[in-house]
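Participant: Read off the chains here:
2 protein chains.
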Amino acid sequence: MPQNALYAQSGGVTAVINASAWGVIEAVRGHPAHFGRIYAARDGILGVLREELIDLDHEDPLTLQALRHTPGGAFGSCRFDLGDPETHPEQYERLVEVFRAHDIGYFFYNGGGGSMDTALKVAKMGDRMGYPITAVGVPKTIDNDLAITDTSPGFGSAAKFIATTVREASLDVESMHTSSTKVFILEVMGRHAGWLAAAAALAQEFDGQPPMLILFAEIPFEEADFMEHLNRTIERHGYCVVVVSEGLKNPDGSLFSVAQSHDVYAYTQLGGAAPRLSELIREKTGHKLHWAVVDYIQRAARHIASKVDVDQAYACGRAAVEGVVAGHHSFMPIIQRDSTQPYRWRMGRTSLESVADIEQGMPREYITPDGYGITQAARDYLRPLIQGEDQPPFERGLPAYPRIRGELLPKRCPSFEVDHD
Amino acid sequence: MPQNALYAQSGGVTAVINASAWGVIEAVRGHPAHFGRIYAARDGILGVLREELIDLDHEDPLTLQALRHTPGGAFGSCRFDLGDPETHPEQYERLVEVFRAHDIGYFFYNGGGGSMDTALKVAKMGDRMGYPITAVGVPKTIDNDLAITDTSPGFGSAAKFIATTVREASLDVESMHTSSTKVFILEVMGRHAGWLAAAAALAQEFDGQPPMLILFAEIPFEEADFMEHLNRTIERHGYCVVVVSEGLKNPDGSLFSVAQSHDVYAYTQLGGAAPRLSELIREKTGHKLHWAVVDYIQRAARHIASKVDVDQAYACGRAAVEGVVAGHHSFMPIIQRDSTQPYRWRMGRTSLESVADIEQGMPREYITPDGYGITQAARDYLRPLIQGEDQPPFERGLPAYPRIRGELLPKRCPSFEVDHD
Chain A
1 MPQNALYAQS
11 GGVTAVINAS
21 AWGVIEAVRG
31 HPAHFGRIYA
41 ARDGILGVLR
51 EELIDLDHED
61 PLTLQALRHT
71 PGGAFGSCRF
81 DLGDPETHPE
91 QYERLVEVFR
101 AHDIGYFFYN
111 GGGGSMDTAL
121 KVAKMGDRMG
131 YPITAVGVPK
141 TIDNDLAITD
151 TSPGFGSAAK
161 FIATTVREAS
171 LDVESMHTSS
181 TKVFILEVMG
191 RHAGWLAAAA
201 ALAQEFDGQP
211 PMLILFAEIP
221 FEEADFMEHL
231 NRTIERHGYC
241 VVVVSEGLKN
251 PDGSLFSVAQ
261 SHDVYAYTQL
271 GGAAPRLSEL
281 IREKTGHKLH
291 WAVVDYIQRA
301 ARHIASKVDV
311 DQAYACGRAA
321 VEGVVAGHHS
331 FMPIIQRDST
341 QPYRWRMGRT
351 SLESVADIEQ
361 GMPREYITPD
371 GYGITQAARD
381 YLRPLIQGED
391 QPPFERGLPA
401 YPRIRGELLP
411 KRCPSFEVDH
421 D
Chain B
1 MPQNALYAQS
11 GGVTAVINAS
21 AWGVIEAVRG
31 HPAHFGRIYA
41 ARDGILGVLR
51 EELIDLDHED
61 PLTLQALRHT
71 PGGAFGSCRF
81 DLGDPETHPE
91 QYERLVEVFR
101 AHDIGYFFYN
111 GGGGSMDTAL
121 KVAKMGDRMG
131 YPITAVGVPK
141 TIDNDLAITD
151 TSPGFGSAAK
161 FIATTVREAS
171 LDVESMHTSS
181 TKVFILEVMG
191 RHAGWLAAAA
201 ALAQEFDGQP
211 PMLILFAEIP
221 FEEADFMEHL
231 NRTIERHGYC
241 VVVVSEGLKN
251 PDGSLFSVAQ
261 SHDVYAYTQL
271 GGAAPRLSEL
281 IREKTGHKLH
291 WAVVDYIQRA
301 ARHIASKVDV
311 DQAYACGRAA
321 VEGVVAGHHS
331 FMPIIQRDST
341 QPYRWRMGRT
351 SLESVADIEQ
361 GMPREYITPD
371 GYGITQAARD
381 YLRPLIQGED
391 QPPFERGLPA
401 YPRIRGELLP
411 KRCPSFEVDH
421 D
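Here the protein sequences come in this chain order: A and B.
Mapping of the first sequence onto UniProt numbering: position 42 corresponds to residue 42, and the numbering continues sequentially without gaps.
Mapping of the second sequence onto UniProt numbering: position 305 corresponds to residue 305, and the numbering continues sequentially without gaps.
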């Protein structure tokens, strides 16, 4: 009897992570000689430690297939990293206990750089502890900061939502600017890398179109310079649309959204660059302004997913499984770009070591010299990633996102207290 | 020679106001015996006062047709009300001057309750000043607060965006809640009426689904009661999705988003109920939370427009013109609901007097007794308004929204200084 496979989701979820899940599930089932059953852990690696495993054979096949168009993490995700094997040996003993109890030989972990480190730890653990386990990563992150791969599933759809939203809201601002709003600020995610902010620039069809100013996490915020650019833009166009990364920094490296002097700004821990910037602009210019913070909405917007992104997410799930069947282990499938125009990509592989805990920033040459826009190279890179529409089915006016039942396998191990928070 | 027709947009724009514009333009052109040329004013009534008129015969016919799927106000809108005829006679003299110079006999004003008052003033002015003008309103507002009509074009699409977004973001929160975010807050527009907040509840398929708590502009915010509901929800579901109207009030009637004690919260003038609520919850519970403010995005989201809404916006534009051809004046087309299941509607008419400057709130019986949800009656009313999809064409990955050229007619009148701001 072949060993069973276990799939789990980790870190911030995306509009297409479930498409990867479906890729894994479908591919595992396509190789009955290689794999036994396919399980999913509830809430990522936490579910493995807690022995909360979902038997996917008990799910409605149509619901599993619908994962391809369902946002969020259908099996639950987690923010939890395994401890160091030296200091937290009990976690690894527990993993082996659970794997052994359910005859799990394959572990597919779907996440970003931190999750690839977890997958790597699981892979190494196996050999060390006499329970060989094939651990493989499946890439995912809206931040687009995974190394080696051309892009990360989840990014393209968030990018498409942001560019669409900027184009639409900018038409609104343009309509109103003579007698009302002069400045509109949109805050997007990206603590360290400004990929999502950069994607907003795809809304432009020609020079001078919104967004006129982008504030990247990578470029320290210089107030006087920004105000000068803002005023010049308003003089020229009558209004200004600004996109700001939540991770915008002050020149001293501190987070812009956390004010130095007023501790009431503490709420900005969770986004707040837009209201803070809005306050600053109001104080300095008196212009009427509006701001928006899209937060989770941008990474959950499956209704406007990029078809390229959905296809890549699904392909990454499948490639993880096919790689295992071909005899590989401790790897992460990557997307390789063969050509930009027309866009051609294929799947490749990289070692977990090469991506674990590494954050890939945006190259400086993707940002214009003045720091407020993106270059042609950035446009050429980004444009293919938002191509194609892939609408979910709608029922009674809204996208239909079926839910898995999530029935847990009977437990076979003693209970285990996970030390976290 | 028949007289010319003038169309203008007013107040906050919507995802479908241009569909009404197209309805007016197309219908006017369908009656060459009744109407001469069709012009549009730039920036609403301000453009009339400034004699900034766009000759639509100079626009690309395909661009005009594309108005049906283009958000924002293609001709520019304004926040400007005509003064009282007693105190501001010069404004009315100016209107007559411009109308006379361009032989305008028909004025179609597309806006909300305030704009209907402007249309009414224009209608009355004509008779008084010896230059008869047929003034007609075309309804529009995302707030759904126009009287008499069953709904207002613009609302259904904003409602569909909000319900979709709540459903999607809630799946995200649900995925993360065991080890991360427990509370997600979405702030929506609605200063006085909670229609948009109510629409969020359409995301629910059954009881207990997100959004678990809605804070309406109509129901005073009781902190202790809210916290109790929040805690109970988190105990039961593990997380809580809250939707809050920007217009939420304190028990004393003051705006919730403006803190009493800290003047640094002044920025909340433009939305800020979500960050403020977030701060309160964090202080009281310590839960990890996220918040989003969709602001203009919700009323510009043409990419997920409701087909019913688009059809009604277009029909309102056409009905305004057809009503004039049938000999009516000083009216606003209304949507009349003949049946809810199946949804059947037809166009009707009401006098401008009956809608000018009137705000129609949400009936109290649409809100559940506890004040945090909507009733079946509200669901029955709302559901038909978000039905059907009507995606715009996409080009290179994004919705294609062509722009009008906006070439102005040569001026024939002396310049005129508009006293506003």
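Everything labelled a hint here was simulated from the structure, so no lab data went into it.
Just so we're clear, the structure is a prediction, and the values are computed from it rather than from any experiment.
Check the hints yourself; a few may be wrong.
Note that the list lumps identical chains together, so a pair holds whenever it fits in one copy or between two copies.
EDC-like mimics (lysine to aspartate or glutamate), calculated; alpha carbons at most 20 Å apart, straight line [as the list claims (entries may be wrong)]:
hint	residue 1	residue 2
1	Lys284	Asp60
2	Lys307	Glu235
3	Lys411	Glu365
4	Lys307	Glu407
5	Lys307	Glu90
6	Lys249	Asp84
7	Lys124	Asp57
8	Lys249	Glu407
9	Lys411	Glu205
10	Lys124	Glu222
11	Lys288	Asp419
12	Lys288	Glu359
13	Lys284	Glu389
14	Lys249	Glu359
15	Lys288	Asp81
Participant: Under a CA distance limit of 20 Å, which applies to lysine 288 and aspartate 419: within one copy, between copies, both, or neither?
Facilitator: Between copies only: 18 Å across chains, 49 Å inside a chain, cut-off 20 Å.
Participant: Quick one: lysine 307 to glutamate 407, C-alpha cut-off 20 Å, is that within a copy, between copies, both, or neither?
Facilitator: neither (31 Å within a copy, 38 Å between copies)
Participant: Within a copy, between copies, both or neither: which one fits lysine 307 and glutamate 90 at a CA-CA cutoff of 20 Å?
Facilitator: So lysine 307 and glutamate 90 fail the 20 Å test inside a copy (43 Å) and across (57 Å) alike.
Participant: Is it within a copy, between copies, both, or neither that the alpha carbon of lysine 307 lies no farther than 20 Å from that of glutamate 235?
Facilitator: Neither: 39 Å inside a chain and 38 Å across chains, both beyond 20 Å.
Participant: At most 20 Å between alpha carbons: which applies to lysine 288 and glutamate 359, within, between, both or neither?
Facilitator: neither (38 Å within a copy, 24 Å between copies)
Participant: If the cut is 20 Å between Cα atoms, do lysine 124 and glutamate 222 qualify within a copy, between copies, both or neither?
Facilitator: So lysine 124 and glutamate 222 fail the 20 Å test inside a copy (46 Å) and across (54 Å) alike.
Participant: Could you figure out if lysine 411 and glutamate 205 sit no more than 20 Å apart (CA to CA) within one copy, between two copies, both or neither?
Facilitator: neither (57 Å within a copy, 31 Å between copies)
Participant: If the cutoff is 20 Å on CA atoms, where do lysine 411 and glutamate 365 land: within, between, both or neither? Let me know, please.
Facilitator: Neither, since 53 Å and 48 Å both go past 20 Å.
Participant: Using 20 Å as the alpha-carbon threshold, which applies to lysine 284 and aspartate 60: within, between, both, or neither?
Facilitator: neither (58 Å within a copy, 41 Å between copies)
Participant: State whether the alpha carbon distance between lysine 284 and glutamate 389 is at most 20 Å within one copy, between copies, both, or neither.
Facilitator: neither (42 Å within a copy, 43 Å between copies)
Participant: Which holds for lysine 249 with glutamate 359 at a C-alpha limit of 20 Å: within a copy, between copies, both or neither?
Facilitator: The answer is within: 17 Å in one copy meets 20 Å, while 44 Å across copies does not.
Participant: For lysine 124 and aspartate 57, with the copy left unspecified, which applies at a CA distance of at most 20 Å: within, between, both, or neither?
Facilitator: Answer is neither; intra-copy 29 Å and inter-copy 72 Å both fail.
Hints 1, 2, 3, 4, 5, 6, 7, 8, 9, 10, 12, 13 from the list above are not met by this structure, while the remaining hints are.
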